[in-house]
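Sequences are here, hints too, so could you generate the full structure?
One line per chain: the protein sequences are A and B, in this order.
So the first sequence is numbered by our numbering: it starts at 1 and just counts up by one.
So the second sequence is numbered by our numbering: it starts at 276 and just counts up by one.
These aren't lab readings, by the way, just hints derived from the structure by calculation.
Keep in mind that this is a model prediction, so the values were computed, not measured.
Idealized CB from N, CA, C, for every residue including glycine.
A few of these clues could be false.
To be clear about the criterion: a stretch of chain B counts as covered by chain A if any three or more of its residues have a C-beta under 8 Å from a C-beta of chain A, and this derived list gives those stretches [stated by the list, open to error]:
hint: 1; region: 301-312
hint: 2; region: 363-373
hint: 3; region: 515-526
hint: 4; region: 536-544
Listing some non-contacts, in silico: residues in chain B with all C-beta distances to chain A over 12 Å [unchecked claim]:
hint: 5; residue: 412
hint: 6; residue: 415
hint: 7; residue: 460
hint: 8; residue: 533
For reference, the chains in residue letters:
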Amino acid sequence: MLRYNTLIVLLGVGLLGAAAGPIGALAVLRRRALVGDALAHATLPGLCLAFLIIGERSMPALLLGALASGLLGVTVLALLSRYTRIKEDAAIAIVLSVFFGAGLVLSRWIQNHTTTGSKAGLDSYILGKTAGLLLDDVLLLAGLAVLVLVVLLALYKEFQLLIFDRDFARVQGWPVARLDLLLLGLIAVLVVIGLPAVGVILVASLLILPAVAARMWTDRLHRLLVLSGLIGALTGVVGAALSASLPRAPAGAVIVLVAMAFFVVSAVARRLLWG
Amino acid sequence: MGLTVWTIVIGTTAAAACSLVGCYLVLRRLSLLGDAISHAVLPGLVAAFLITGRVGGWPAVLGALIVGVLTSVLADIVHRRTGVPEDAGLGVVFTSLFALGVVLLGLADGTDLDPGCVLYGLIELAPLDTAPVFGLEVPRTLLTLVPVLLITIGLFVLFWKEVQLTAFDPAHAVAAGIHAGLIHHAVLALTAGVIVASFEAVGSILVVAMLVVPPVTAGLITRRLHHLMPMAVFFATTAATGGTLLATWWNTSVAGMMAVVAGVQLGCLLAVSSVILGERQSRGERGVSPGR
Numbered sequence: 001m002l003r004y005n006t007l008i009v010l011l012g013v014g015l016l017g018a019a020a021g022p023i024g025a026l027a028v029l030r031r032r033a034l035v036g037d038a039l040a041h042a043t044l045p046g047l048c049l050a051f052l053i054i055g056e057r058s059m060p061a062l063l064l065g066a067l068a069s070g071l072l073g074v075t076v077l078a079l080l081s082r083y084t085r086i087k088e089d090a091a092i093a094i095v096l097s098v099f100f101g102a103g104l105v106l107s108r109w110i111q112n113h114t115t116t117g118s119k120a121g122l123d124s125y126i127l128g129k130t131a132g133l134l135l136d137d138v139l140l141l142a143g144l145a146v147l148v149l150v151v152l153l154a155l156y157k158e159f160q161l162l163i164f165d166r167d168f169a170r171v172q173g174w175p176v177a178r179l180d181l182l183l184l185g186l187i188a189v190l191v192v193i194g195l196p197a198v199g200v201i202l203v204a205s206l207l208i209l210p211a212v213a214a215r216m217w218t219d220r221l222h223r224l225l226v227l228s229g230l231i232g233a234l235t236g237v238v239g240a241a242l243s244a245s246l247p248r249a250p251a252g253a254v255i256v257l258v259a260m261a262f263f264v265v266s267a268v269a270r271r272l273l274w275g
Numbered sequence: 276m277g278l279t280v281w282t283i284v285i286g287t288t289a290a291a292a293c294s295l296v297g298c299y300l301v302l303r304r305l306s307l308l309g310d311a312i313s314h315a316v317l318p319g320l321v322a323a324f325l326i327t328g329r330v331g332g333w334p335a336v337l338g339a340l341i342v343g344v345l346t347s348v349l350a351d352i353v354h355r356r357t358g359v360p361e362d363a364g365l366g367v368v369f370t371s372l373f374a375l376g377v378v379l380l381g382l383a384d385g386t387d388l389d390p391g392c393v394l395y396g397l398i399e400l401a402p403l404d405t406a407p408v409f410g411l412e413v414p415r416t417l418l419t420l421v422p423v424l425l426i427t428i429g430l431f432v433l434f435w436k437e438v439q440l441t442a443f444d445p446a447h448a449v450a451a452g453i454h455a456g457l458i459h460h461a462v463l464a465l466t467a468g469v470i471v472a473s474f475e476a477v478g479s480i481l482v483v484a485m486l487v488v489p490p491v492t493a494g495l496i497t498r499r500l501h502h503l504m505p506m507a508v509f510f511a512t513t514a515a516t517g518g519t520l521l522a523t524w525w526n527t528s529v530a531g532m533m534a535v536v537a538g539v540q541l542g543c544l545l546a547v548s549s550v551i552l553g554e555r556q557s558r559g560e561r562g563v564s565p566g567r
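Laid out in structure tokens, this is it:
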């Protein structure tokens with residue numbers, strides 16, 4: 001049953017989860033959970049534009065387009081909440097829905113006006129499809145996941161300071177704004193490499209759920225990061241394996257439900273153990 | 276041609292209902308709760324379909340009223356009981372419910388419930404499913420949408436004072452003897468009902484665009500609730516009409532185009548208002564800050 005290809009996919013999605021866990025923990029602590037959601041929805045127009053320009057399904061190009069429009073979305077979000085009197089929650093909802101709408105317009109246009117559109121598998125990016133991943137794709141995703149983890153390890157101390165006491169960090173002379181941007185960049189990269197597996201709509205929950213599940217078990221940051229990495233990896237492997245045996249349910253939804261199960265078990269266990 | 280007219284009628288009705296409840300959500304800074312509810316009603320919709328065998332309709336609206344309040348209550352429980360930040364708590368609840376809905380949708384596959392229809396709305400096809408009303412063939416969607424719109428307007432008119440006070444200052448409302456919590460949850464339930472009634476027109480994701488974008492656009496012009504609501508309805512209905520026409524012209528997604536047009540409206544008004552407010556501020560007037 002465990003063919004070579006399946007094994008590679010499991011490994012790739014597991015690595016993705018392992019990277020999503022710790023980055024997600026930082027995102028949740030930094031109150032960026034729903035910013036990640038807006039970013040994820042905002043990737044859709046870039047994905048479609050990249051396909052229109054390239055004219056074929058090339059994963060690196062598609063992901064680059066997704067990253068560009070995701071970052072554009074976050075920039076618009078930051079501009080809206082800084083330079084207008086629109087509140088941040090409304091700004092998030094605006095970016096999320098308008099960018100996603102633009103993405104739908106583009107993707108439907110591609111389907112109706114080009115012959116290769118339906119073969120592009122753009123649909124599989126909306127709800128995720130692990131089974132369609134090729135070996136090269138998985139290697140690319142895994143490589144990026146490892147890169148994100150390395151950056152996180154290298155800047156652990158700085159991120160810790162950024163999350164717990166930004167004012168102190170600023171007084172100490174750390175480049176707080178740039179660190180914040182870097183964290184946002186890491187979140188963006190992770191959202192984008194999660195797209196093929198979990199899809200545009202649900203990829204943000206891959207950041208949130210393992211992190212809040214791990215949060216049930218510890219109050220210490222380093223344990224939280226390790227634990228959410230473990231839970232993320234486990235979520236990825238179990239979710240991908242389950243979705244292989246449930247071909248009719250989109251992979252993203254199955255993976256998210258597995259993550260939710262981990263959270264519910266953790267929350268209940270914590271109440272039972274510590275009351 | 277007749278089909279396009281019906282599409283516009285359905286779109287504008289849905290947009291009007293959404294933007295009315297959206298005004299309250301935006302004022303209370305609950306835009307994301309609207310987003311969350313619109314995702315969270317999906318399992319309710321699918322369950323109602325599996326039971327009744329029909330998409331949408333009154334059973335789904337009733338089910339959604341419960342799910343809508345449940346989302347807010349559940350998010351609150353996750354936030355309070357587990358110490359997870361508020362936004363992450365909301366994220367946990369609605370993504371999980373949405374994922375559950377998508378999986379249910381996958382399992383209900385093979386029936387005539389199309390994931391594309393539920394997620395992105397197929398307003399183009401909605402006018403094809405008609406039912407006779409007084410001898411006139413009327414799209415079935417309108418049989419739920421129009422009553423829901425009328426109920427929304429009726430409730431806002433009837434409880435105008437209460438809603439207004441709760442929207443701007445919940446603490447003052449409680450002090451004045453108004454049950455602000457009840458009003459709040461009633462509006463949330465109404466929101467869920469409106470979302471479900473209009474999901475067929477705009478889809479469960481883009482409904483957020485109609486909930487949030489027109490009220491924000493209107494909020495750039497006025498700060499008075501009785502001006503805000505008609506203006507939001509104006510922007511929503513024009514966005515729906517323009518979106519439908521453009522999408523038909525370019526042969527693309529109507530719901531997506533509605534969201535884009537609403538976004539363009541907001542962008543234009545932001546540009547205009549920043550010019551006007553910028554001038555006003557350079558004359559030394561204080562007040563609303565358009566930034567530096």
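Outcome of the hint check:
no. : hint    : result
1   : 301-312 : holds (count 7)
2   : 363-373 : holds (count 8)
3   : 515-526 : holds (count 3)
4   : 536-544 : holds (count 3)
5   : 412     : 27 Å, holds
6   : 415     : 23 Å, holds
7   : 460     : 19 Å, holds
8   : 533     : 7 Å, violated
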